[in-house]
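Add chains B and C to chain A, keeping to what the hints say.
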Amino acid sequence: MSLPHSLEEELPTVNDSFLRFGASHGILSAEKALVHVPSVIDASTKDEADLGVSPKGASRTLSNFESKCLRWMNGVELLDDALRNKRFLPTGCEGIDTLLGGGLREGQLTEIVGPSSSGKTQFCLYVASNVAVKLCGSIVFLDTSNSFSPTRIASIVNQICGPAVKEGQERRIKNIMSSIHCQSVFDIFSLQDALHELDNTLNMQTIREGTKICMLVVDSVSSLITPILGSKSSQGRSLMVSVGYLMKQLADEWNLSVLVTNHMVSGGGTSKPALGESWKCIPHVRLQLSRCPGSSICNVSVLKHTSMACNRSVDFEIPN
Amino acid sequence: MEVSVLPIASAHKEKLISAGYTTLLSIIGVSASRLAQELIIPHREAVEIIKVTLKCSRAVGLEGTHAVLKGSRTAWEMLSDEQNLKLIRTGSEDFDGILGGGIHCGQVTEMGGVPGIGKTQLGIQLAVNVQIPVSYGGLGAKAIYIDTEGSFMPERAYQIAQACIMDTWENLGFSRKEIEDCQEKMQPDHFLANILYFRICSYTEQIAVINYLDKFLEEHKDVKIVIIDSISFHFRQDFKEMVQRTIVLNEMSRQLMKLAERFAVAVLLLNHVTAKHTEGSFQLTLALGDTWSHSCTNRVILYWDGNDRHARIEKSPYLPSASAPFSVTGKGIRNAIAHCKRLRMM
Amino acid sequence: MANKLVAHMGLAQSIANRLAARNIRTAKDALSLPEFDLMTLLGVDIKDVKEAVARISEVACPPYQTALSLLEERLMNDTSGSRLPTSLTGLDDALGGGIPFGVLTELVGPSGIGKSQFCLKLSLLAALPASYGGLDGRVIYIDTESKFSSRRMIEIGRNSFPKIFHSEGMAQEMAGRIIVLRQTSLSEITESLQQMKLKLLQHEVKLLVIDSMAALISGEKGSSSSSMSGSHPPKCPFSFLKSIAEFSRIPIVVTNQVRGHNNEEISRYSFLGKDTDRSVEKFETHHVAALGIQWAHAVTIRLIFEAHSGQKFIKVAKSPLSPPLAFPFTVSSSGVTLLSDDGIEMIGQEIGMIRCQGHCILNV
Chain A
1 MSLPHSLEEE
11 LPTVNDSFLR
21 FGASHGILSA
31 EKALVHVPSV
41 IDASTKDEAD
51 LGVSPKGASR
61 TLSNFESKCL
71 RWMNGVELLD
81 DALRNKRFLP
91 TGCEGIDTLL
101 GGGLREGQLT
111 EIVGPSSSGK
121 TQFCLYVASN
131 VAVKLCGSIV
141 FLDTSNSFSP
151 TRIASIVNQI
161 CGPAVKEGQE
171 RRIKNIMSSI
181 HCQSVFDIFS
191 LQDALHELDN
201 TLNMQTIREG
211 TKICMLVVDS
221 VSSLITPILG
231 SKSSQGRSLM
241 VSVGYLMKQL
251 ADEWNLSVLV
261 TNHMVSGGGT
271 SKPALGESWK
281 CIPHVRLQLS
291 RCPGSSICNV
301 SVLKHTSMAC
311 NRSVDFEIPN
Chain B
1 MEVSVLPIAS
11 AHKEKLISAG
21 YTTLLSIIGV
31 SASRLAQELI
41 IPHREAVEII
51 KVTLKCSRAV
61 GLEGTHAVLK
71 GSRTAWEMLS
81 DEQNLKLIRT
91 GSEDFDGILG
101 GGIHCGQVTE
111 MGGVPGIGKT
121 QLGIQLAVNV
131 QIPVSYGGLG
141 AKAIYIDTEG
151 SFMPERAYQI
161 AQACIMDTWE
171 NLGFSRKEIE
181 DCQEKMQPDH
191 FLANILYFRI
201 CSYTEQIAVI
211 NYLDKFLEEH
221 KDVKIVIIDS
231 ISFHFRQDFK
241 EMVQRTIVLN
251 EMSRQLMKLA
261 ERFAVAVLLL
271 NHVTAKHTEG
281 SFQLTLALGD
291 TWSHSCTNRV
301 ILYWDGNDRH
311 ARIEKSPYLP
321 SASAPFSVTG
331 KGIRNAIAHC
341 KRLRMM
Chain C
1 MANKLVAHMG
11 LAQSIANRLA
21 ARNIRTAKDA
31 LSLPEFDLMT
41 LLGVDIKDVK
51 EAVARISEVA
61 CPPYQTALSL
71 LEERLMNDTS
81 GSRLPTSLTG
91 LDDALGGGIP
101 FGVLTELVGP
111 SGIGKSQFCL
121 KLSLLAALPA
131 SYGGLDGRVI
141 YIDTESKFSS
151 RRMIEIGRNS
161 FPKIFHSEGM
171 AQEMAGRIIV
181 LRQTSLSEIT
191 ESLQQMKLKL
201 LQHEVKLLVI
211 DSMAALISGE
221 KGSSSSSMSG
231 SHPPKCPFSF
241 LKSIAEFSRI
251 PIVVTNQVRG
261 HNNEEISRYS
271 FLGKDTDRSV
281 EKFETHHVAA
291 LGIQWAHAVT
301 IRLIFEAHSG
311 QKFIKVAKSP
321 LSPPLAFPFT
331 VSSSGVTLLS
341 DDGIEMIGQE
351 IGMIRCQGHC
361 ILNV
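Protein chains in written order, with our numbering: chain A, 1 to 320; chain B, 1 to 346; chain C, 1 to 364.
These are computed hints drawn from the structure, not numbers from a lab.
Note that the structure is predicted; figures quoted are calculated from it, not measured.
It is possible that some hints are incorrect.
What the hints assert, rightly or not - One side of the interface only, derived from the structure: several residues of chain A facing chain C at Cβ under 10 Å:
hint, residue
1, L135
2, C161
3, G162
4, Q235
5, G236
6, L239
7, V314
For glycine and all other residues, C-beta sits at the position ideal for the given N, C-alpha and C.
Okay, chain A solo, but in the shape it has when bound:
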């Protein structure tokens, strides 16, 4: 899969005038340039002065782009990439780790569905703390329902670290907790903004030093999306799909593991996930949580998985 290259490539022919030309025609990435520039050039060969480059120069630039962009990957390369960059992030819950062959995969979108108080948020908080402790990665937590609880995070972190050395413990916890970033988002537009901003930060991150962001949690994605699906028009649906793909793109491009949660609603006697068929194609992995009221044992079953058998289930417990 090719990355969307921005026009500011280190190519000698991409100069300011070309950029301006591109911007005025809405061409900002190499892919766009490849698609649009030839037709634009044909239409405006007269305005060569405008273009700042000769048509010839432009087409040379384009072929440069072409060689840059179309990085076809064969199976071996993909496998190699997967093995090298797409790690498994351990969830910390043994049962789930074995069920998923190691944990949540980087580069994949994992969805958790479950009825109210089945432990979805607890799972998210637990995984986030565990990843922060074990892998020292940064986590971005987008909270749509005020359910992010730093107190809970602190107690989980304490628990995972165990009663280790007293000195430095405080500092260590502070470091760990500082690597979990939380933002509240209350509507779909701010979610989109946040995702774009994250994309941008990740762009910068490749240059800057610092802990790698390895996980994105959106708890819960359905409470933002359900309100826009009510209207008759298809706009809501397309927004939903675009948000879904944005998350997948982020996951793949920056090797993030994306974890989202989805409600269950009851319809016609049985309960089903709030985001239905058109959302179902988006996540790579869909897990269903359930919990007997009053007990602390949760049951998780695999509803969808891109590389493993479905309908297996396992019990696990999130310690208090």
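Quick look at chains B and C alone, frame taken from chain A:
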């Protein structure tokens, strides 16, 4: 970033795209008058589009700050913030115990139970308790009481306020003189004057009030608790279309969460119970359905256990599931009578 | 407030026009739609939608008052005291003076226990001249089961207030103040109440009795067994009744029947995941109120009439002001009378339980 994701009218989006403006940068680069000409829209609207675009592109802007996302905070920062937040006591130490010290500011807490269990009493008690002056260990703040059912009794609030004042003095063992010093603040009348009461007669008004609170709280910064008694009354009878009800409720809950977070107020929702048919038997659950049950942060169920009223944490991101007895007395919410004083962890 | 016109809210002209074009005329129409829907429907920016919604909300929002002013207002308006005394001293004390104005009071109990007797007595009390401790007003008595008996009412009156009823013409005048409506369908009643709303204020109506509400609603639905199980509970005019009570500041008394309650149904009264050890002591017969939980939430005061251990009791089962107390009573020729003015304090589940032992025969 594409034009199609901008929060602007779809007609404008279409015009922008057909005029060749497909990315944000292309819009930023153009002047408002030119944009107005090209899209054949009023100048004012063109200015507006450019403004929105600027805002969005700033969100994705290249200003590298240390924060991962603008406005995001780390769990550590939030933890220290949360530790500074005040708690509103319920009047019963056992009840406070399972809530982690009381009702948290900045969070939405839902409480529900069978009729007559004491939901309204709890609401009034909290509206009074939030006003205990800071020097007496309270918050010294005001309360908003949104009454959808007409069950708020000012006479009862007076009683509870009186009892609350008496208890505060008793607990702190103040001398006669000290009591006289703060006489003015510690009057039941003063307490009642600080309960701002909205009477709601339809669900439209309920939505309107919740939307309006945004502005209202801006003007009344000293409000620290918003009580809605009850959240479900109008929604359970005036809606025929369940899908629409779900959506409207969803909007409302997000609005409430926004309020809670923005103004650091505690939001207390009182809810009814309803009988639900599951797996061949009837169970009591809180009203308003499944989607609603997802949307509250904390959920507490009040129920009878034997001869005692009990409260149980049904759902909370940070509190362990536990239950505690409490009682409703002439003075308000208090601990259950001694012989059944036991805190059961589940 | 909900039906305020959007056009008169001082919105920006362009938005107001668009709203009008989409047939969004009242605050209700506008606020029932989520912001995203409004945005697509009107074809305007999210910012404009937010502004408009904020403006509409502000206008549609009722004004607030402080609890203090509310208390003062009530004290001022209700010069006659905000209670209708029941003439049962113990019960009056427990309720803080009688049946409060402006709220719904419900009487629940098995048939024949004396609910209607109690209603008749209350009607008389409301009709009596103030000098005799009454409210000197009119009473609207909605009789859905055709049980109202004028003769019984006069009899109660004669026996409890011999002075008035033996004086010439008084009995007739008293009876004339009580307007009986015999309507059996909910829609009819709602309609006539709506028409009466004005009259209620003009004619100094001091009490509204609906005997019985349960018959009204279960009649409407056909079978009463599904009243709690149905996912769409019957549309009871709760908020309508409540608003009448509140705006005309009169007490509304409604009666509710009971129906059989078998063991299986007990599970309804426990929350999911409850330990099974707390099954309650079994009594001879168990009953639950015929109108479901939703109704129980709506009433402010609930009085339960029950019979057990060879006696009849009135229980204050739900009241914002008073502790749960039970009073033994009998039904005599002068109506319901308490055997003792000292209530028995109840605890726990006993409060909400409706017991019925054997059969109760009115000693009339």
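*Go through the numbered hints given earlier and state which of them the structure violates, listing their numbers in rising order.*
1, 2, 3, 7
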